[in-house]
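Novice: First to last, the protein sequences are chains P and V.
In this text, residue positions in the first sequence follow my numbering: the first is 2, and each later residue adds one.
In this text, residue positions in the second sequence follow my numbering: the first is 104, and each later residue adds one.
Simulated from the structure, these hints should not be mistaken for laboratory data.
Among the clues, some could well be false.
[As the list claims (entries may be wrong)] With a cut-off of at most 30 Å between alpha-carbon atoms, the simulated DSSO-like pairs for lysine-lysine come out as follows:
| hint | chain 1 | residue 1 | chain 2 | residue 2 |
| --- | --- | --- | --- | --- |
| 1 | P | LYS15 | V | LYS160 |
| 2 | V | LYS159 | P | LYS10 |
| 3 | V | LYS162 | P | LYS58 |
| 4 | P | LYS10 | V | LYS160 |
| 5 | P | LYS10 | V | LYS207 |
| 6 | V | LYS207 | P | LYS15 |
| 7 | P | LYS58 | V | LYS160 |
| 8 | V | LYS160 | P | LYS45 |
| 9 | V | LYS173 | P | LYS10 |
| 10 | V | LYS159 | P | LYS58 |
| 11 | P | LYS58 | V | LYS207 |
[To be verified] Chain P side only, calculated, beta carbon under 7 Å to chain V, not exhaustive:
| hint | residue |
| --- | --- |
| 12 | GLY43 |
| 13 | LEU46 |
| 14 | TYR65 |
Glycine residues also receive a C-beta, built at the ideal position from the N, C-alpha and C atoms.
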Amino acid sequence: NAGVTQTPKFRILKIGQSMTLQCTQDMNHNYMYWYRQDPGMGLKLIYYSVGAGITDKGEVPNGYNVSRSTTEDFPLRLELAAPSQTSVYFCASSYRRGEQYFGPGTRLTVT
Amino acid sequence: TQLLEQSPQFLSIQEGENLTVYCNSSSVFSSLQWYRQEPGEGPVLLVTVVTGGEVKKLKRLTFQFGDARKDSSLHITAAQPGDTGLYLCAVHTQGGSEKLVFGKGTKLTVNP
């Protein structure tokens, strides 16, 4: 099993550009999550999903969108990139209220 | 207001020393998780504690959940450079939610 995979690993965007961060898991987990991690700030939940077709906002959803058309995939969309979205983004999945398995992260810089 | 307060924020010690890091809150939780995050990687679960007063050991790491289930500590005995990383505590938000809330973490550096 590959676990949780994320692409790309690194990306530099110009202000106003758009991009999609990809996340795939092969553990057949129903629950998937997107976090951002800023220096000294821990992990903040952006969006989460409890199953295909169901998504909900987390603590910091502004400027992001998600979709969940399959159990395996949970892409995160940035429509109009802003410098405040410079961060490291982590995708995670879990079976239920248990251990969350994290991907290796995407380091995004918006300039 | 931060739900989970972790201390210290930074800790730099020599190999072989012992250390304790803390995760505190004014709220009561049904369980608490500890994760370790190595540089350039995602967090990895170390342990989940669920019972007030519970003590769990993972090799040289000892985790304790407070009697009132509001706080937890992680003690490392004879720290090694491989213990270097960011230690995060996390709890599920109330009402059976699947959402985890993380503390800001303790960044540990163990020097050889």
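Novice: Does the structure break any of the earlier hints, and which numbers would those be?
Specialist: 1, 2, 3, 4, 7, 9, 10 and 14
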